[in-house]
Amino acid sequence: MKKVLIVEDDKYLAFLLKKKLEKEGFLPLVSNSAKKGIEILKKEKPKLVLLDLIFPKEDGFKILKKMKKITKAPILIISNLDQLKDIKRAIRLGAKEYLIKANFTPEKIIAKVKKYLKNA
Amino acid sequence: MKEKADRERIRIALLNILEDEEEARKKAEREKEKTLSIINSLPDGLFLLSQNFKIILVNPQFLKFFNFKKKEIIGLSLKDLLLKREFKNLKELLSKKNKKKIFKKEIELWGKFFQITTIPLKSKETIFLFHDISREKLIEKAKSDFLAMVAHRFKTPLAEFKWTLDMILKEDFGKISQETRRVLEKMYGENEKMISLINELLQFVKLEEGKISLSLSKVDLKAVVEKELKNLKTLAQRRGIIIKTNLEKVPLLLLDKEKIAFSIFNLIENGIIYSYPQGKVVVSLKKKNKEIVFSVKDEGIGIPQKEQKKIFEKFFRASNAQEKESIGSGLGLYLSKKIVDLLKGKIWFISKEGKGSIFYLSFSK
Chain A
1 MKKVLIVEDD
11 KYLAFLLKKK
21 LEKEGFLPLV
31 SNSAKKGIEI
41 LKKEKPKLVL
51 LDLIFPKEDG
61 FKILKKMKKI
71 TKAPILIISN
81 LDQLKDIKRA
91 IRLGAKEYLI
101 KANFTPEKII
111 AKVKKYLKNA
Chain B
1 MKEKADRERI
11 RIALLNILED
21 EEEARKKAER
31 EKEKTLSIIN
41 SLPDGLFLLS
51 QNFKIILVNP
61 QFLKFFNFKK
71 KEIIGLSLKD
81 LLLKREFKNL
91 KELLSKKNKK
101 KIFKKEIELW
111 GKFFQITTIP
121 LKSKETIFLF
131 HDISREKLIE
141 KAKSDFLAMV
151 AHRFKTPLAE
161 FKWTLDMILK
171 EDFGKISQET
181 RRVLEKMYGE
191 NEKMISLINE
201 LLQFVKLEEG
211 KISLSLSKVD
221 LKAVVEKELK
231 NLKTLAQRRG
241 IIIKTNLEKV
251 PLLLLDKEKI
261 AFSIFNLIEN
271 GIIYSYPQGK
281 VVVSLKKKNK
291 EIVFSVKDEG
301 IGIPQKEQKK
311 IFEKFFRASN
321 AQEKESIGSG
331 LGLYLSKKIV
341 DLLKGKIWFI
351 SKEGKGSIFY
361 LSFSK
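Protein chains in written order, with our numbering: chain A, 1 to 120; chain B, 1 to 365.
Just so you know, the hints here were simulated from the structure itself, not pulled from any lab data. Careful: at least some of the hints might be erroneous.
[Stated by the list, open to error] Distance condition first, Cα-Cα at most 30 Å in a straight line; then the derived BS3-like pairs of lysine-lysine:
{"id": "1", "chain 1": "B", "residue 1": "K105", "chain 2": "A", "residue 2": "K57"}
{"id": "2", "chain 1": "B", "residue 1": "K105", "chain 2": "B", "residue 2": "K91"}
{"id": "3", "chain 1": "B", "residue 1": "K112", "chain 2": "A", "residue 2": "K18"}
{"id": "4", "chain 1": "A", "residue 1": "K112", "chain 2": "B", "residue 2": "K230"}
{"id": "5", "chain 1": "B", "residue 1": "K91", "chain 2": "A", "residue 2": "K85"}
Start from the sequences, fold in the hints, and give me the full structure.
The following block contains the structure:
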């Protein structure tokens with residue numbers, strides 16, 4: 001089963017994503033803090049990362065940068081920040097996609113996960 | 001006798017010349033002092049670069065900005081100035097020192113933000129002007145942070161609701177009855193409206209600032225239309241609206257991609273929302289003479305004749321629109337028009353109540 005890391009501080013949304021991923025046959029790993037997310041990334045080596053950008057005390061972009069140094073796995077951003085400059089910045093820092101939470105559903109997010117893991 | 005008179009006249013003439021010169025010299029001196037006191041009291045920092053790129057004049061404000069002493073600066077070359085305080089951001093200015101035009105740039109130096117202007121003079125010297133915009137930048141950042149926070153705070157609960165409903169409807173939490181499905185679908189739709197409203201409100205706040213910054217790039221309108229159509233696919237399906245497309249390949253246009261996408265989304269969304277059930281919406285994109293024209297045609301409720309001239313007004317919703325759709329911000333078309341005007345395009349419509357509307361957007365190639 002393919003490991004997918006979810007780094008999301010909203011526990012409820014993380015729960016919904018986890019349930020959907022399990023249903024689709026993936027092995028979701030959840031972290032509510034960015035710092036713990038990096039630890040899990042190093043230890044478990046997931047095949048894909050779903051990363052939020054807003055954390056209460058951490059800078060999502062810094063986390064993205066750190067993660068890019070640790071893994072080659074595709075990182076998809078899930079966030080409600082919708083300013084173009086943030087989207088451009090995330091892509092420039094190496095995120096494969098930028099998904100705005102309010103414009104996506106768990107089903108559509110899973111479709112993106114499947115797309116990037118097709119060849120993994 | 002005549003010689004003495006001549007000599008006297010010459011003496012007086014010479015004295016007059018000397019007096020005039022003295023007068024002129026004093027006048028020039030006063031002018032110079034006036035200019036210097038203006039330069040010295042400027043709230044902007046200033047220095048003057050000589051023909052051979054050495055600093056020959058510097059004002060107190062410049063010294064104050066960067067904590068320089070006058071004697072450190074006078075006579076310095078621009079290159080040496082850059083080294084003094086590690087002004088690497090100023091490197092670009094080095095190449096501008098002998099250009100003919102006025103050059104302006106916003107640069108961050110020493111923790112402050114400046115708008116730097118270089119002004120080449122006829123005398124081959126160059127003025128460097130440093131205007132402190134740190135406060136404006138702070139306000140800009142505060143507004144931007146506020147909008148980002150609002151987006152996050154308002155859209156997170158809406159996203160949670162959306163995701164939950166979607167998963168229940170997909171029976172991820174167990175089977176649901178037909179009736180449950182029906183009411184939840186309705187809630188999903190209402191929630192989507194809220195998300196759309198928040199987006200419009202945020203767009204409105206951004207545009208109403210007065211400080212509207214466009215980020216222009218070469219945009220493929222056909223791709224933008226296709227993407228927005230995809231975003232609206234679910235809405236159309238839920239309302240049983242068939243969308244027909246007629247999209248030609250068109251040349252790239254210099255536009256603000258995010259803003260034009262918003263306008264296109266708004267027009268297609270209106271076409272869907274104000275159609276009668278099972279109606280048809282035709283979305284076209286074509287080249288017409290020197291223009292590129294985008295249009296959305298619906299066979300829906302149309303706009304009453306009397307209300308047509310107000311359709312682009314802030315917060316205006318036509319009476320029959322309010323009847324059909326209770327929720328709406330009245331900002332969509334107002335914003336779309338504002339955006340299209342900013343991008344130097346045209347927006348107009350033809351409409352008949354009860355028959356439908358065609359909304360057009362055009363840009364010249």
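Going down the list of hints, with the structure as the test:
no.: 1; hint: B:K105 <-> A:K57; verdict: 34 Å, violated
no.: 2; hint: B:K105 <-> B:K91; verdict: 12 Å, holds
no.: 3; hint: B:K112 <-> A:K18; verdict: 45 Å, violated
no.: 4; hint: A:K112 <-> B:K230; verdict: 15 Å, holds
no.: 5; hint: B:K91 <-> A:K85; verdict: 25 Å, holds
Violation of the numbered hints given earlier is confined to hints 1, 3; the remaining hints are satisfied by the structure.
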